[in-house]
Amino acid sequence: MSKFLTKEQEQTIVSAIKTAETNTSGEVRVHIEDRCKAKDPIDRAKQVFADLNMHETELKNGVIVYVATKDHKMAVWGDEGIHSNVGQEFWNDVLELMKKNFMAEDYESGLRDAVLLIGEKLRQFFPYQSDDVNELDDDISYGKKDEDDKSE
1 MSKFLTKEQE QTIVSAIKTA ETNTSGEVRV HIEDRCKAKD PIDRAKQVFA
51 DLNMHETELK NGVIVYVATK DHKMAVWGDE GIHSNVGQEF WNDVLELMKK
101 NFMAEDYESG LRDAVLLIGE KLRQFFPYQS DDVNELDDDI SYGKKDEDDK
151 SE
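All residue numbers for the sequence shown refer to my numbering, where the first residue is 1 and numbers rise by one.
Don't take each hint at face value.
No more than 27 Å apart at the CA atoms, straight line, and that leaves these computed lysine-lysine pairs for DSS-like [to be verified]: (1) Lys73 <-> Lys100; (2) Lys39 <-> Lys18; (3) Lys73 <-> Lys99; (4) Lys99 <-> Lys37; (5) Lys73 <-> Lys46; (6) Lys100 <-> Lys70.
Here are the in silico distance ranges between beta carbons for each label pair [claimed, not checked]: (7) Gln11 <-> His83: 17 to 23 Å; (8) Glu58 <-> Thr12: 25 to 31 Å; (9) Lys7 <-> Asp71: 31 to 37 Å; (10) Lys7 <-> Lys37: 24 to 30 Å; (11) Asn53 <-> Ser84: 32 to 38 Å; (12) Glu8 <-> Glu80: 32 to 38 Å; (13) Ser130 <-> Glu8: 31 to 37 Å; (14) Thr22 <-> Asp71: 29 to 35 Å; (15) Ala50 <-> Ser84: 17 to 23 Å; (16) Glu58 <-> Asp93: 23 to 29 Å.
Hints in this document: simulated from the structure, not taken from any laboratory. Even glycine gets a Cβ: it sits at the ideal position worked out from N, Cα and C.
With these hints in hand, go ahead and build the complete structure from the sequences.
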């Protein structure tokens, strides 16, 4: 995995995930890998979503932010509970926010701001419940290094 984020930047993103989830029962994950293993990044985001068991949230309110660094692809996928409330236009807005920051090579702000924006929408439709359990890990997940990838 190339150095997309420093350890400090990773911690900023994890903190943003924790902040986003503080006010909602929703769950947010960030997944980063070098290469997109599908033609369409949304297809890959759906696959990673399933691999990370994000479809198992009780209220179907998990969201994944997916980035393939070397392929310059990204996607945001929300489970049916949140998607039915926000629609595709919201996900497009999140992607535009990320793209604007990524074009300026500010990956940390792009991811942090996207996660916090998603958190606000989740809070709006799935407010925090006193019995809420953090159903998913807050750490950034990473794809495995592609053995065929010699382009480092």
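Here is what the structure says about each hint:
{"no.": "1", "hint": "Lys73 <-> Lys100", "verdict": "holds (13 Å)"}
{"no.": "2", "hint": "Lys39 <-> Lys18", "verdict": "violated (31 Å)"}
{"no.": "3", "hint": "Lys73 <-> Lys99", "verdict": "holds (10 Å)"}
{"no.": "4", "hint": "Lys99 <-> Lys37", "verdict": "holds (20 Å)"}
{"no.": "5", "hint": "Lys73 <-> Lys46", "verdict": "holds (14 Å)"}
{"no.": "6", "hint": "Lys100 <-> Lys70", "verdict": "holds (17 Å)"}
{"no.": "7", "hint": "Gln11 <-> His83: 17 to 23 Å", "verdict": "violated (29 Å)"}
{"no.": "8", "hint": "Glu58 <-> Thr12: 25 to 31 Å", "verdict": "holds (28 Å)"}
{"no.": "9", "hint": "Lys7 <-> Asp71: 31 to 37 Å", "verdict": "violated (24 Å)"}
{"no.": "10", "hint": "Lys7 <-> Lys37: 24 to 30 Å", "verdict": "holds (26 Å)"}
{"no.": "11", "hint": "Asn53 <-> Ser84: 32 to 38 Å", "verdict": "violated (20 Å)"}
{"no.": "12", "hint": "Glu8 <-> Glu80: 32 to 38 Å", "verdict": "holds (35 Å)"}
{"no.": "13", "hint": "Ser130 <-> Glu8: 31 to 37 Å", "verdict": "holds (33 Å)"}
{"no.": "14", "hint": "Thr22 <-> Asp71: 29 to 35 Å", "verdict": "holds (33 Å)"}
{"no.": "15", "hint": "Ala50 <-> Ser84: 17 to 23 Å", "verdict": "holds (19 Å)"}
{"no.": "16", "hint": "Glu58 <-> Asp93: 23 to 29 Å", "verdict": "holds (26 Å)"}
The structure is inconsistent with the numbered hints 2, 7, 9, 11, although it conforms to all the rest.
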